[in-house]
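> Each chain, letter by letter, is given below.
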Amino acid sequence: MSAFRFVPSTIAAATITIAAVTFVTFSTNLASPSESAAPQEKVQPLDPLTNEETRVAAQVASADPKVKAALGSGRQRLIQVEFFAQKPAQAVGDPDRLEIGRHASVLFYRYTGDQGIHVVVDLRQRAVVSITRLEGRAVPLGVEEIGEAFNLAARNERVRSLLGSEISGYRVANLAEGDRPENRVEGLRVVATSPKDPCYRHRCIYLLFHSREGYLAGTTVNVDLTAQTVRAERTIR
Amino acid sequence: MRLHPQRLALTLVCSFLLFAAAAQTARAQCSSPFLIDQSFPTSGPMQTRWRICWQPMAGNGLVITAAFFQKSPSAPLMRVFWDARVSEIFVPYHTGSPRFLDVGFGFPLIRLNSNDCPAAKGGLILGPGSEVCRELRDRGLAWKDDTRVRRGEEVALWGAIDAANYNYVIEWTFRDDGVILGRVGATAQNLPGVPFEAHMHGPIWRLDIDLNGFTGDSVHIARHIEPSSIFTPQRANDTMSLVAFESGLQWNPLQFTALHIQDANLRNARGHPSAYHLMPIRTGTPRHMEDFTKNDFWVTRFNGSEMAGASLPSFVNFLTPVSNTDVVVWYYGGVHHLVRDEDGQIINGRWVGEAHIMWTGFMMKPHNLFDTTPLFP
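These protein sequence lines are chains U and S, in that order.
Residue 31 is where the first sequence starts when you use my numbering, and the numbers rise one by one after that.
Residue 366 is where the second sequence starts when you use my numbering, and the numbers rise one by one after that.
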């Protein structure tokens, strides 16, 4: 007697199981953006942006008409492009099946009105998802701004008298790129709370000068990028 | 009941296929080296487990982009963080100027070496720029009862922000008992322009806590009240009030103030609502003229564009409900740096010396998450 019979319950169980396997496998592929339309294969939804994704995000945001309108015609600059984990419209029970996609946050600063423009870019669709205005304080300083600040400081008579001929030997450090020359200029971001402070609602940088012997002590140099002014003083004699 | 070999074989094959498909879905949403999947104990059968995704980010340093906890081998992974980061470090000097926003400059993490993160101490350097140290640590006693004892373990991730003259160590620790610790350590060289001036380092953490998923979360503020005199009722009380709308809240050392974050649908097997308690670990309270320093805790509804701690007051709308929704909790702490000779000195116009590391942080402790004592025989 045959030990195997295609009784209805067996067929039903097998059919359900195969259907479930097919569904799970298929839906896994659908829910896996890294395997379909993501800019680079093997990039998982929560991995850092690739260089290419960073470039695409900046390009998409900069070209968007609504972003251009928000930035206006005054002085402005791109500050940073960062990874952004966009929350899906609906929650699901299984954390591994959550559709996150690939997004980037692009941050611009406009000097007029001391405003930030925060743009979320969908990297798979190559489209802008949202644009939000932020107060200027919420926008970090960009690496280029420290270069601009140093150029202003280097032309300032007071700074030149405090630092002497040494000033021409300094170079702006790009710490993010691992660039740490011995004679380097670094910067810190200054915030002003009082409207009487010249840096109130301005982009201000405090410059530090570092040489082989260490940081130059007892001298402060403040650069106001909004007003394009420099204040320098000797604090220790 | 008869066993049919072919039917059994078919069932086994189908079960295997189903298991294989399920296993495929159970992968993490980040890849090595940004994935930490750590089971505890580190030797022997697994009892608890953390699965964490992290990223280095300019300014914020080391950001946790997802954290899941598994409280037992049979329990599902439960989301705790959608995102956790240091959103700002405010550094006002005592004379009133300068006042720095140290995250607001986009400083990177420093490349680490084996002196930072020795393998012999459980260290492993991670990241494309070797900027993060993962340490597996014995954390001392988990519990002790006469001669019975259990030592605990933890996995810590840290990186150091190169904030010009200063370094900020950003550390996230995930313990085998479900506890999370967030710390910032300030170290390196005093500000060269005013190296002898006292100042404060005030980190503001942005904690996007999505307990059991990102919907249905609520926050309560918990206070402990002792009788204030012999004429009042002699019973101490622990109160809990719902934070109904976006707001800032203050920590009171006499009341052991803490925030309780819970999910509407999350209960343990005993039917008790599960929560995480956010508890400060601090030596004082930094208050300054800036509005964002006027509170120690803030609760806001999730908004992906709201990341900067120094803009917190502009994020708060006192009419926006934050009950049973997707919440973000912010915590503000402080290190008071009284300059001391041990920090260093000026030699030939240059600063020579290093301020030893000073820490501030918080603990997030599970409450009624487990069904009974974890790490218990």
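Treat the hints with caution; some may be incorrect.
[Said to hold, decoys possible] Partner residues aside, some chain S positions facing chain U, computed with beta carbon under 8 Å:
| id | residue |
| --- | --- |
| 1 | Gly471 |
| 2 | Gln554 |
| 3 | Arg715 |
[What the hints assert, rightly or not] Between beta-carbon pairs, the in silico distance windows are:
| id | chain 1 | residue 1 | chain 2 | residue 2 | range |
| --- | --- | --- | --- | --- | --- |
| 4 | S | Gly494 | U | Asn181 | 25 to 33 Å |
| 5 | S | Arg600 | U | Arg163 | 46 to 54 Å |
| 6 | S | Arg600 | U | Pro225 | 45 to 53 Å |
| 7 | S | Thr580 | U | Arg107 | 34 to 42 Å |
| 8 | U | Ala93 | S | Thr407 | 30 to 38 Å |
[Said to hold, decoys possible] Below are the BS3-like pairs computed for lysine-lysine, each with C-alpha atoms no more than 27 Å apart in a straight line:
| id | chain 1 | residue 1 | chain 2 | residue 2 |
| --- | --- | --- | --- | --- |
| 9 | S | Lys730 | S | Lys659 |
| 10 | U | Lys117 | U | Lys98 |
| 11 | S | Lys659 | U | Lys226 |
| 12 | S | Lys486 | S | Lys509 |
| 13 | S | Lys486 | S | Lys730 |
| 14 | S | Lys486 | U | Lys117 |
These are computed hints drawn from the structure, not numbers from a lab.
For every residue, glycine included, the Cβ atom is placed at its ideal position computed from N, Cα and C.
> Determine for every hint whether it applies to the structure shown.
Outcome of the hint check:
With 8 Å as the threshold, the beta carbon of S:Gly471 comes within range of chain U, its nearest partner Cβ sitting at about 5 Å, so the hint holds. Interface restraint check for S:Gln554: the shortest CB-CB distance to chain U comes to about 6 Å, inside 8 Å, so the restraint holds. For the restraint placing S:Arg715 at the interface with chain U, the shortest Cβ-Cβ distance is roughly 4 Å, inside the 8 Å limit, so the hint holds. Against the hinted window of 25 to 33 Å, the Cβ-Cβ separation of S:Gly494 and U:Asn181 comes to about 28 Å, which satisfies the hint.
One distance hint, 46 to 54 Å for the beta-carbon pair S:Arg600 and U:Arg163, holds here, with the actual separation near 51 Å. One distance hint, 45 to 53 Å for the beta-carbon pair S:Arg600 and U:Pro225, holds here, with the actual separation near 50 Å. Distance hint check for S:Thr580 and U:Arg107: the Cβ-Cβ separation is about 37 Å, which falls inside the suggested range of 34 to 42 Å. Remark: the range hint 30 to 38 Å for U:Ala93 to S:Thr407 is contradicted by a beta-carbon distance near 50 Å.
Pair hint S:Lys730 plus S:Lys659 holds up; C-alpha atoms about 25 Å apart against a cutoff of 27 Å. Simply put, U:Lys117 and U:Lys98 have alpha-carbon atoms about 26 Å apart, close enough for the 27 Å limit, and the pair holds. For the proposed pair S:Lys659 and U:Lys226, the alpha carbon gap of about 21 Å is at most 27 Å, so the pair holds. A hinted pair counts as satisfied when its Cα atoms are at most 27 Å apart, and S:Lys486 with S:Lys509 qualifies at roughly 25 Å.
Proposed proximity of S:Lys486 and S:Lys730 is supported: the alpha carbons are some 26 Å apart, at most 27 Å. Distance restraint check for S:Lys486 and U:Lys117: the Cα-Cα separation of roughly 37 Å exceeds the 27 Å cut-off, and the hinted pair is therefore not satisfied.
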